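Q: Chain residues, written in single-letter form:
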Amino acid sequence: MLGILRQRVAAKFNYALNFEQGIGSVALRAFSSSANKMTVRDAINSALDEEMSADPKVFMMGEEVGEYQGAYKITKGLLDKYGPQRVVDTPITEAGFTGIGVGAAYHGLRPVVEFMTFNFSMQAIDHIINSAAKSNYMSSGQISVPIVFRGPNGAASGVGAQHSQCFAAWFGSCPGLKVLVPYSAEDARGLLKAAIRDPDPVVFLENELLYGESFPVSAETLDSSFCVPIGKAKIEREGKDVTIVAYSKMVGFSLQAADILAKEGINAEVINLRSIRPLDRSTINTSVRKTNRIVTVEEGFPQHGVGAEICATVVEDSFEYLDAPVERIAGADVPTPYAANIERMAFPQVEDIVRAAKRACYRSR
Amino acid sequence: MGSWFARSRSIPYLLKRNISFLHANSSCKTLPPYKSPHGFRERPPASILSFRRLESAMVGKQAQAVAYTDDDGESQSIEFPGGRVGFTTQMEFISEATDKRVPCYRVLDDDGFPIAGTRFDQLDEETAVRMYKSMVSLQIMDTIFYEAQRQGRLSFYLTSTGEEAINIATAAALSPDDIILPQYREPGILLWRGFSIEEFASQCFGTKDGHGKGRQMPIHYGSKDLNFITVSSPIATQLPQAAGVAYSLKMDGKEACAVAFTGDGGTSEGDFHAAMNFAAVMEAPVLFICRNNGWAISTPVSEQFRSDGVVVKGQAYGIRSIRVDGNDALAVYSAIRAARMMVVREQKPVLVEALTYRVGHHSTSDDSTKYRSVKEIEQWKRSRNPMTRFRNWVQANGWWSDQEEAELRGTLRNQVLKAIQVAEKAEKPCLGDLFSDVYDKLPSNLQQQEKSLRQTITRHKQDFPPDVPL
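Just so you know, the protein sequences line up as chains S and R, in that order.
Per full-length UniProt numbering, residue 1 is the first one in the first sequence, and the count goes up by one each step.
Per full-length UniProt numbering, residue 1 is the first one in the second sequence, and the count goes up by one each step.
In short, the hints are calculated from the structure, not lab data.
This structure is a prediction, so every number in the text was calculated from the model and none was measured.
Backbone N, C-alpha and C define an ideal beta-carbon position, used for all residues, glycine too.
A portion of the hints provided could be inaccurate.
Claimed, not checked - From chain R, some residues computed to sit far from chain S (all C-beta separations above 10 Å):
| # | residue |
| --- | --- |
| 1 | Ile144 |
| 2 | Arg153 |
| 3 | Thr299 |
| 4 | Glu376 |
| 5 | Trp380 |
| 6 | Lys428 |
| 7 | Cys430 |
| 8 | Lys461 |
As the list claims (entries may be wrong) - With a cut-off of at most 27 Å between alpha-carbon atoms, the simulated DSS-like pairs for lysine-lysine come out as follows:
| # | chain 1 | residue 1 | chain 2 | residue 2 |
| --- | --- | --- | --- | --- |
| 9 | S | Lys73 | S | Lys57 |
| 10 | S | Lys81 | R | Lys425 |
| 11 | R | Lys208 | R | Lys425 |
| 12 | S | Lys57 | R | Lys348 |
| 13 | R | Lys428 | R | Lys451 |
| 14 | S | Lys232 | S | Lys290 |
| 15 | R | Lys254 | S | Lys57 |
| 16 | S | Lys290 | S | Lys240 |
| 17 | R | Lys441 | S | Lys234 |
| 18 | R | Lys441 | S | Lys232 |
| 19 | R | Lys348 | R | Lys224 |
| 20 | R | Lys428 | R | Lys418 |
| 21 | R | Lys428 | R | Lys461 |
| 22 | S | Lys232 | R | Lys451 |
| 23 | S | Lys57 | R | Lys441 |
| 24 | R | Lys254 | S | Lys81 |
| 25 | S | Lys57 | R | Lys418 |
| 26 | R | Lys208 | R | Lys428 |
| 27 | R | Lys425 | R | Lys461 |
Next comes chain S alone, as it looks inside the complex (with noise of 0.2 Å):
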């Protein structure tokens, strides 16, 4: 049954995406037609557009961002509206335009600039670490980066090892930097938005598979100052038994275990980060004071990973609490592979999260 769910709901991301290609008509936001849902995409869309609008020092950067709308669509209809300007098509060069963008940043601009990947970073994460996170400190406060780098990390479909890593633990360890990690659309657009006006140098990681989704959006949600604080998670099921703490899109897949073990009695709080760096230490911590058991779950590779962290400070922090070892799912520990079969091996599924969760209440076999 659970695998049925899993495939209808991949289908439904692949159908969102084809639907959105075939539709062809622009549509810069949603809930003109559906007043209280916002696909992801519309929300980064909506708070670029209501960001550049509000700031003209805001603009965007990179690979397929201006005449062709952006390689997941994400920046439609921005080019015709702001022109060549602030929407500025990039030669191939991660390192080129992070570079530039990082220049640009040291002189007062507010450039976001997408990565088509998280995965092509790494050819400019000399400037994202060394340039951007860096210089406020040692220029001793004189030069400021308020750059964000924004773009599609972690596992999306069939897609190979080169395009699949998440890189929420890599710039998460970096002193300098804010990441950021949204789930739904009120995430995607409150963080995007808090993100662009923040004046440090911001990671925003988006996922593939959750542009197409969508989610109930509030009214407020949709006023062009909205804004999530960076650092709080929010917990989006509260529970009593177990504390589930996830990101991005493992949140979902955490939401849905939620459910499944509700039904076996057990009563799971799930806890949506929000914000890699800062990580809201004390939110995990006074849910694991409550619950007194902790699973994490990302898609990362477990070495090093988010979870690792997320245990030493439960450990640090509320040892005595603590009524069972804390449970890590991560990603598996192997290059992404790419046969559909394998590949939904080496990533977290909802029941590995419900099979921890009950291993943590020590009711497995």
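Using the hints provided, position chain R relative to the given structure of chain S.
A: Same frame as chain S, but now just chain R:
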């Protein structure tokens, strides 16, 4: 469109796209001017190139390759994406090297006398004397700081010996509004703009004075007020950043440019390629200055590239370039002034290659006699010294004397020695400076860490260095 068809003799295939363009030269000897995709300036209706980007997105409207003969029927040309290109039936490879290397613009001869027929920007007495004095300051500062490192008083230092003319003449030729993105051998620019010897010393010693807050190793100077971006260790990263700064200046409409420095070695980095290419495409007002001093630590230029130096790379990117004698202060001054004017007025990048010689070691961590002959170093130091040449010219104009020289050197020497003594004893940055500036505002985790650290220090005072002010 109609008249274009009338010119052709053969029946062309109908072009499916509706664009108007200038009559292109049939042999395409020179590239027609193309419209800036960024629309910053009014340009005449342009050629194929202006629509290059739109073409790729117009699905279903494929450009048909068209062959046509022009009026005299001699050469044919074909329209590829990127423009019209004439063809030839002779298979000729462009040689990897030209017979003659690109010549080097020079004003003063080896002894400091203006070469007959040379054209240069005349310097007035005040500027010339100030330039010379700054060169002397730089030289003395370098000598004494280097010695201080050798004595163990400084952890690291890097001199600009042999490149004083590039440092000072460039600084004098630029406007104070121009934003400098240095590599690391350009402290003379800061010196010219007003950074004091005391400020240099306090950065090198990491004291609480000055603006460094002890964050960086020596010679990594920076000053927002003087428009000098902080020196960054990874090589050539400042090059694409300069294009970004220039883009920002362009959007502001400021009459200033970004000036990015690199050495010969830096041109091997991927960032050099990206920066040059990008600056040309974006039409960003960057002045790229390459100090080709022959050595990248122990790598001679013969092992760095096989091109005729760096100047020839400009054309490959569509960037105007010039080669200048970097040890000739007047030539550097004139060339940089002209280049800067082009950059600012035409809003496009220019490349200047200044040929010189790195007389000193790469840094205090290097002993260059291990990989090059002492004779070679001595030759450049003695007979091709940029300072001697400029001094001869200044003195020949009656603007300087040996006595003033001796006085200046004496004064400066004392000033530098005193600055070092003061900086050595000055207080180090306080504990709070460990945590500030990581982010714009001190985040809660760092506040907690600082609090916890202070508590630990209070409890275990004996374990902590006494010279860290709390």
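Q: Broken hints, numbered, in rising order?
A: Hints 10, 25 contradicted; others consistent.
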